[in-house]
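Trainee: Position one of the sequence shown corresponds to residue 1 (the numbering used here), numbered consecutively onward.
Treat the hints as calculated values from the structure; they're not laboratory data.
Note that the Cβ used here is the ideal one computed from N, Cα and C, for glycine as well.
Just so you know, not all the hints are guaranteed correct.
As the list claims (entries may be wrong) - With beta-carbon atoms standing in for the labels, derived distance ranges: (1) Ala8 to Ala36: 28 to 38 angstroms; (2) Gly2 to Leu65: 32 to 42 angstroms; (3) Glu42 to Glu1: 26 to 36 angstroms; (4) Ser57 to Thr9: 32 to 42 angstroms; (5) Tyr48 to Gly2: 14 to 24 angstroms; (6) Glu1 to Gly33: 15 to 25 angstroms; (7) Gly2 to Arg50: 33 to 43 angstroms; (8) Leu65 to Glu1: 37 to 47 angstroms; (9) Thr41 to Cys14: 11 to 21 angstroms.
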Amino acid sequence: EGKTLFIATHDLSCVDEDFDHAVLLNKHVIAFGRPADVFTTESLNEAYDRHLMVVRSGQSTYIGL
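Please work from the sequences and hints to get the whole structure.
Mentor: In structure tokens:
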């Protein structure tokens, strides 16, 4: 409580369930907020410059091509 932790990762699978907030970067801030709001199809397409799809099922989030 009252602590901030910065982690840089390309493994997006852990972020949704382990962190309260996330930042999506690619040379600039693309999105900031709750992981469910940050990791959207639109923001990931901008970050990775390819067509990705985000699917949520219960507590799980899947990202695919």
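Trainee: Each hint needs a verdict: does it hold in this structure or not?
Mentor: Taking the hints in turn, this is what the structure says about them:
Between Ala8 and Ala36 the beta carbon distance is about 20 angstroms. The supplied range of 28 to 38 angstroms is therefore violated. Checked against the hint of 32 to 42 angstroms, the C-beta distance between Gly2 and Leu65 comes to roughly 40 angstroms, which is consistent with it. Separation of Glu42 from Glu1 is about 33 angstroms and conforms to the stated range, judged on CB atoms against 26 to 36 angstroms. Ser57 and Thr9 have their C-beta atoms about 22 angstroms apart, which leaves the hinted 32 to 42 angstroms range violated.
The beta-carbon spacing between Tyr48 and Gly2, approximately 34 angstroms, falls outside the hinted interval of 14 to 24 angstroms. As the Cβ distance of Glu1 to Gly33 is approximately 20 angstroms, the hint placing it in 15 to 25 angstroms holds. A hinted range of 33 to 43 angstroms for the beta carbons of Gly2 and Arg50 is consistent with their spacing of about 38 angstroms. A beta carbon spacing of about 39 angstroms between Leu65 and Glu1 agrees with the range 37 to 47 angstroms that was offered as a hint.
Remark: the range hint 11 to 21 angstroms for Thr41 to Cys14 is upheld by a beta-carbon distance near 19 angstroms.
Violation of the numbered hints given earlier is confined to hints 1, 4, 5; the remaining hints are satisfied by the structure.
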